[in-house]
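J.: Sequence:
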Amino acid sequence: MELHDLSAGGGVLDQVGDAARAALARYAVSQAATVTLINVSENATFLVDDSGTGRRSILRVHRLGYHSAEAIDSELAWLTALRAQAGVRTPEVIPARDGAGVVHVAGRHAVMFEFLPGVEPPEERLVDGFKQLGAVTARMHRHARRWRRPPGFTRFAWDWDAAFGRQARWGRWQDGVGVDAEAIALLGRLESRLRERIGRYGEGPERFGLIHADMRLANLLDDGGPEPSVIDFDDCGFGWHVYDLAAALSFIEHEPVVPELIDSWLDGYRGEEPFGREDEREIWTFILFRRLLLTAWIGSHQGVEIARELGAGYTLGTCDLAERYLTR
1 MELHDLSAGG
11 GVLDQVGDAA
21 RAALARYAVS
31 QAATVTLINV
41 SENATFLVDD
51 SGTGRRSILR
61 VHRLGYHSAE
71 AIDSELAWLT
81 ALRAQAGVRT
91 PEVIPARDGA
101 GVVHVAGRHA
111 VMFEFLPGVE
121 PPEERLVDGF
131 KQLGAVTARM
141 HRHARRWRRP
151 PGFTRFAWDW
161 DAAFGRQARW
171 GRWQDGVGVD
181 AEAIALLGRL
191 ESRLRERIGR
201 YGEGPERFGL
211 IHADMRLANL
221 LDDGGPEPSV
231 IDFDDCGFGW
241 HVYDLAAALS
251 FIEHEPVVPE
261 LIDSWLDGYR
271 GEEPFGREDE
281 REIWTFILFR
291 RLLLTAWIGS
301 HQGVEIAREL
311 GAGYTLGTCD
321 LAERYLTR
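Heads up, the sequence shown is in UniProt numbering, so the first residue is 1 and it goes up one at a time.
Hints listed in this document are in silico derivations from the structure and should not be mistaken for laboratory results.
Beta carbons are placed, not taken as given, at the ideal position from N, Cα and C, and that holds for glycine.
A hint or two may mislead.
What the hints assert, rightly or not - Cβ pair distances, simulated, as ranges:
id	residue 1	residue 2	range
1	ARG149	ILE38	30 to 36 Å
2	ARG281	ALA32	55 to 61 Å
3	GLU206	TRP160	28 to 34 Å
4	GLY202	GLY303	34 to 40 Å
Just need the whole structure built from these sequences, with the hints factored in.
T.: Next comes the structure, spelled out in structure tokens:
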């Protein structure tokens, strides 16, 4: 087995590479298999290309301390149930030789998935794609409400405390890149308004439950079929249903096409499940909730390429959106 594309690494990436090598030995792949690093975010994702068998797969090596083995097992249980019971195209989990879904190597957890064809939804199909995405999201929410979760199921929550509490999962937005005194004052007003509106909105079972929580374009695969495949359930957990729409607009919240995308998503969603007017009124509340959360994420993930690229410009855009939200 050969390991490629860790040239930018050293330190943590070397450790991740060691874990990938150790993990691959637990699976039924040939000695000809090569492993290429394709993405680093919360986790490291590798493409496994096995010329000996002609098969490709995806190996995910988990970040230390982000999830327990039980939480990862719970993630895999839901995405497997969605594929089997709700007709949502998710990647199949490839078990290790001993049948385990999660393997434990070099102090880390790792999971192997089938390789699904497709690319991030192209710009020219984005509006139609959001209608498809709305329909898929509605089926996922419906499934989550009805699904009998297996014993021991555990996932974290994307509630207010997880986002902006003392132990904020992605850090404090105040520590974001380019957050100066003026931005702190403006975004502090935004946080107060969001807290007020979300507090009134509440966490009733009709609007809060098990969600994907990261259905942005990078986690969708368009192969030209009727619906995209949904990948990367690593952040799935308990949150507001409308947050899945907000997450789908991650990093493009400022684009002029966003209102059209929202309308298209709602059209698709309402073709499968109700989406109330009160829920609709809070769409921009949750878009700003997510935007503020991502401002914190960029500040705490400067080793990730997209965080470095967005940097202070994303904070500036967050301030612009906050002004519009607060004054509308």
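J.: Could you work out which earlier hints the structure fails to respect and list their numbers in ascending sequence?
T.: 3
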